[in-house]
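Residue numbers (UniProt numbering): 1 to 218.
Rather than coming from a laboratory, the hints here were simulated on the basis of the structure.
Treat each hint with caution, since some may be false.
To be verified - With a Cα cut of at most 20 Å, we get these calculated SDA-like pairs of lysine to any residue: (1) Lys118 - Asp216; (2) Lys168 - Tyr198; (3) Lys186 - Lys118.
What the hints assert, rightly or not - Label-pair ranges, simulated between beta-carbon atoms: (4) Lys168 - Pro119: 34 to 42 Å; (5) Asn166 - Pro119: 38 to 46 Å; (6) Pro130 - Pro164: 32 to 40 Å; (7) Gly83 - Gly133: 31 to 39 Å.
From a predicted model like this one, the values you see are computed outputs, not experimental measurements.
For every residue, glycine included, the Cβ atom is placed at its ideal position computed from N, Cα and C.
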Amino acid sequence: MIRKACLAALIFWTVSGCSENGQSYTDSVVETGGDNAAAEAAHEDTALNTGPDQGVEHDGATGQRAECSVDEEPLFACPLENGKKVAVCLVDRPDGQSFVQYRYGEACKTAELAWPEKPGTEQLRFASTPYSGGGEAQLSFARGHTRYVIYSRVVRTNFKAGEPNNPKFEDGVMVLRDSRLQADYKCRDGEAPIPVDYNLADEHLPENADGIFYPDED
C-alpha cells in the first residue's frame, strides 16, 4: 500500500512460520483481540449459541490453515492481541484459477473462518484514498448483516511547516453489523508486518463502489 514492511520483518515472519511434513507457512495473518467477537459476529445469523470455533467450523474452512502458505502471496497479515491471526492470501489453484481469501484463526491450525472457500461470484473488494501526508487502503466483504473491513492507513500528525510529518501507521480489522461498528481489532503494536498490498489488491480484486468505509459509531 502506502508503505512496505521492512525486509527484516518479512524475513522474521516467514522463518518463524509453522511447519508440518516439510511445509512451512508464513505468519501472514492478523489476530482479532477481545473475546473472539470477530468470529462470533460472523455467525450471529446462524442463531447458534456456540463459541467461535464450533460456529466457524460448521461454516467450513475446509481444512485451510489460518496463515498464507509459502506458495501464496499475502495481501495483508498481522497478529492481534488475543493470539489469533488474520491473513488475506492470493490463492493459485492447480486448475489455473486464482482468488483472494480472508482467513482467521490460531497460528498453525485450521482456520476458523476462510472466505470465500473457492473461486466464484463472492469476492473481497478493494478501496483506497489519499490523505494529506498519507492515505488508506481497505479490503472488505460481507456475510449476512456482518461486514469485515481490513485496513491499513497512514495519517500525518504534524502539520508545522519545515518539520517532519510524523506519520502514524494503523492496521487492523473492523467488524460491523448493519453499518455500525461492533469492534475495531488493531494489529499488535499498532502496525501490520504486512500491511494491505495496494498493487496486489488493485490487480486481483474488484473496486468497492462505495469507496472507503467510515463506520457510523452512534
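Structure-inconsistent hints, enumerated in ascending order:
1, 3, 6
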